[in-house]
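Using the sequences provided together with the hints, build the complete structure.
First to last, the protein sequences are chains H and Z. In case it helps, the working numbering puts the first sequence at residues 1 to 116. In case it helps, the working numbering puts the second sequence at residues 1001 to 1113.
No false leads were mixed into what you were given.
Listed below are the simulated DSSO-like cross-link pairs for lysine-lysine, each with C-alpha atoms no more than 27 Å apart in a straight line:
#1 LYS42/H with LYS20/H
#2 LYS41/H with LYS20/H
#3 LYS66/H with LYS14/H
#4 LYS55/H with LYS66/H
#5 LYS64/H with LYS41/H
#6 LYS14/H with LYS41/H
#7 LYS64/H with LYS42/H
#8 LYS1081/Z with LYS41/H
#9 LYS1076/Z with LYS41/H
#10 LYS1057/Z with LYS1076/Z
#11 LYS1076/Z with LYS42/H
#12 LYS41/H with LYS66/H
#13 LYS1081/Z with LYS42/H
#14 LYS42/H with LYS1068/Z
#15 LYS20/H with LYS55/H
Keep in mind that the hints were calculated from the coordinates and are not lab data.
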Amino acid sequence: GAVVSQHPSRVICKSGTSVKIECRSLDFQATTMFWYRQFPKKSLMLMATSNEGSKATYEQGVEKDKFLINHASLTLSTLTVTSAHPEDSSFYICSAREGTSYYGYTFGSGTRLTVV
Amino acid sequence: GQNIDQPTEMTATEGAIVQINCTYQTSGFNGLFWYQQHAGEAPTFLSYNVLDGLEEKGRFSSFLSRSKGYSYLLLKELQMKDSASYLCAVSEISSGSARQLTFGSGTQLTVLP
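Structure representation (structure tokens):
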């Protein structure tokens, strides 16, 4: 089945630095990938939709300049948290859909970001 | 927009049956998903319903009524490992193409021995 690889799984960074999270579709091409954020004991909140070769579509309330998304190829999307602050600490998860398959919403393993 | 409601917490006993309900309000309905998520891990796919009725897959079944905006996930023969958060997610068609999933708040299920 479809596999989405997300890296790193855990990262600790200092306040004010930037962190890049990668999401790769390993055995399929993903023109669209989705980035979610999840706080403890809460559900997944969609941050943005990443479109290959074009600008990402951000959800209301998500800062574009803070959460930079790049989808340069059909198998890779990256999320960069710029000038991270402790309140950015969260669990970030990407997902991708294989073609038009309704079963194709495959999730990455998630990245636990801790900003100290 | 979408409004998805499900209970925050449920508790059941090992070997029992539990039903987790989900109600939603949306336009352009394009399917309803159930995911299981253990703490600190990514969600894993459980079921998908796009037509009314019951879909059965082993110990898990999911039901959908589009006219009522209602779905449930039924877990039979509960095992301790079923303790997890269960997420209801709705896909909505927008401008002819399927959109991203919108998730409910999740139901934390605790299975007791």
